[in-house]
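Throw the hints in and build the complete structure from the sequences for me.
Protein chains: 2
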Amino acid sequence: MVEPISIAGVGRYLPARRLNNADLPPLDKPCPPAVLERIGVTERGWASEEETIPVMAARAAGRALESAGCTADSLDFIILSNWTQRRFLPDFAPKVQHLLGAPQAFAFDVSTSCSGFVYGVAIAQGFLQQPRFKRGLVVASETTSQRARPHSKATLVFGDAAGAAVLERGWSPGRARLLDVELMTDGRYYEAMQINPAGHVETHIPQKELQALAIHSFATASQRVLERQGMTLDDVDWVVPHSGTAGIQALLLDTLKISPDRVLINFPRIGNVSSAAIPAALTEYVDNGTIKPGDVVLSPTTGSGWYAAAMLYQM
Amino acid sequence: MVEPISIAGVGRYLPARRLNNADLPPLDKPCPPAVLERIGVTERGWASEEETIPVMAARAAGRALESAGCTADSLDFIILSNWTQRRFLPDFAPKVQHLLGAPQAFAFDVSTSCSGFVYGVAIAQGFLQQPRFKRGLVVASETTSQRARPHSKATLVFGDAAGAAVLERGWSPGRARLLDVELMTDGRYYEAMQINPAGHVETHIPQKELQALAIHSFATASQRVLERQGMTLDDVDWVVPHSGTAGIQALLLDTLKISPDRVLINFPRIGNVSSAAIPAALTEYVDNGTIKPGDVVLSPTTGSGWYAAAMLYQM
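Chains as they are written, first to last, in numbering that gives the first Met the number 0: chain V, 0 to 314; chain C, 0 to 314.
Quick caveat, the hints were computed from the structure, so don't treat them as lab data. Where hints are given, some of them may not hold.
Pairwise CB distance ranges (calculated) [stated by the list, open to error]:
#1 V/ARG16 <-> C/THR231: 53 to 59 Å
#2 V/GLU42 <-> C/ARG86: 28 to 34 Å
#3 V/PRO24 <-> C/GLU48: 36 to 42 Å
Pulled a few chain V residues facing chain C out of the computed Cβ check, cut under 7 Å [said to hold, decoys possible]:
#4 VAL1
#5 ARG85
#6 PHE87
#7 LEU88
#8 THR184
Every residue gets a Cβ at the ideal spot worked out from N, C-alpha and C, and that includes glycine.
Take a look at the structure:
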């Protein structure tokens with residue numbers, strides 16, 4: 000028996016500073032309009048010095064708690080996903096705990112690149128199987144823009160954001176519900192992407208191979224989670240995937256054989272915000288009424304590790 | 000109802016290179032014998048370049064799997080604790096997955112300084128509440144010596160090691176069993192210890208305050224886990240704590256009011272190996288027959304975050 004888990008609230012935070020393509024520092028060589036269009040991002044947020052990982056996380060978490068109608072001091076735990084800033088010790092979650100005012104919550108970080116939010120949800124699902132834990136927070140906060148080499152095309156793609164969800168043990172009709180989560184790892188591709196000593200992302204396998212790996216991961220994780228729930232993509236109202244790149248999004252549509260109007264992505268407006276992508280998009284499309292109560296949503300993701308994950312839920 | 004969890008096997012790995020106090024690079028100023036004795040470490044291991052975090056983790060894990068009588072390909076997940084080496088992405092666990100040959104296992108890292116192994120065990124306990132997960136590995140691997148400023152007294156204290164445990168869903172009489180785990184975090188002390196830009200540990204609160212914080216954490220986490228199980232320290236055969244420093248060990252005895260011959264520490268022979276301390280000591284004292292089947296063991300730990308944790312188990 001698996002104890003059902005409710006999604007009590009979601010929230011997000013975007014940096015105050017928004018840059019459109021003309022605002023960005025100049026590229027090494029100017030990008031022709033056709034290439035800009037293919038990249039597909041017209042605007043992204045860049046965190047200020049004050050908008051640190053824990054500060055953005057606490058702001059997104061505050062909104063998720065508000066939408067859940069509860070306060071931080073009722074949290075049993077906090078799981079923070081981030082890979083774009085690193086420190087030896089402590090990790091960032093204890094700072095979030097302190098900023099939020101959640102003294103009862105134990106707090107720790109998970110860093111599985113772009114799939115960190117879904118890994119965090121799966122870990123939370125485990126804790127919430129045990130009756131002494133009632134409510135937990137999973138929050139992703141990333142300053143992905145700082146992992147792009149300045150003046151490279153990656154500055155067009157990467158953005159900063161945070162997104163959060165409050166999860167609760169138990170479920171009753173009318174509430175949003177986590178249906179299932181699938182996690183996968185394939186260490187054979189450990190070196191596919193790395194961060195160089197300057198702190199900038201580098202890809203060490205051909206772009207085509209990387210795309211194939213990403214698509215295979217998306218498809219396999221999605222298939223496993225659907226099969227386990229006796230469902231198919233026809234039962235899914237919306238796909239809210241990790242955004243990746245426009246190229247991967249196109250391949251995803253093609254592979255899953257799903258109509259573009261069922262895929263909700265805010266990538267053009269916020270860029271690739273790594274593990275914050277899913278909760279940031281989910282919050283946007285719940286808040287604007289696109290995703291309605293009762294809708295079934297699938298959120299697949301993948302990231303350098305090689306990690307893959309998918310979560311299936313009903314809002 | 001909480002599903003019982005078995006401890007199927009434990010294992011450890013110590014670096015080949017062992018240094019006694021005379022072997023260490025000279026200190027800034029020589030340590031008088033009385034100070035050396037107070038510090039209390041006579042030997043520690045230093046990892047070679049080849050003995051990386053994932054390599055040491057895979058070796059400790061291999062021994063834990065062997066003692067559990069199972070193979071890596073039966074693992075559903077791998078949780079790696081490490082804070083002493085950092086990378087943006089990927090973290091180290093996917094590399095361990097690949098080195099071990101555990102293609103079915105999802106793998107991720109947890110970094111809660113010296114308390115990482117016990118945090119990992121608590122996360123594993125959560126996953127194993129769900130019937131589709133049968134067996135998981137928690138492994139801590141640390142090169143703590145590299146976080147000591149060269150020629151500082153910290154080089155006397157810090158050592159390198161890895162330690163692992165295989166956990167399984169379900170329990171039957173005669174098997175070792177996880178009884179309970181308590182996790183705590185207090186972000187008010189986020190700045191108590193930090194790593195400076197050179198990668199070396201620095202303490203930012205008075206030593207007495209740090210010791211008081213550590214002891215309070217040890218005592219509170221232990222008390223909570225014992226109370227929840229309707230037990231007292233009298234029911235505990237052995238305490239296998241995180242080692243910390245000799246000063247903290249003395250205060251721990253004093254605070255818990257426990258006889259030194261019930262506290263099992265291998266600190267003098269391996270130093271403070273951070274999150275690997277508990278599984279490395281546990282393996283030693285199980286292997287040499289000190290801890291016998293049926294013995295009840297308490298393992299409290301604490302670490303800069305501020306994190307605290309305690310696990311209670313019966314071997």
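Structure-based check of all given hints:
no. : hint                             : verdict
1   : V/ARG16 <-> C/THR231: 53 to 59 Å : holds, 56 Å
2   : V/GLU42 <-> C/ARG86: 28 to 34 Å  : holds, 30 Å
3   : V/PRO24 <-> C/GLU48: 36 to 42 Å  : holds, 38 Å
4   : VAL1                             : holds, 5 Å
5   : ARG85                            : holds, 5 Å
6   : PHE87                            : holds, 4 Å
7   : LEU88                            : holds, 4 Å
8   : THR184                           : holds, 4 Å
Checked against the numbered hints given earlier, this structure breaks none of them.
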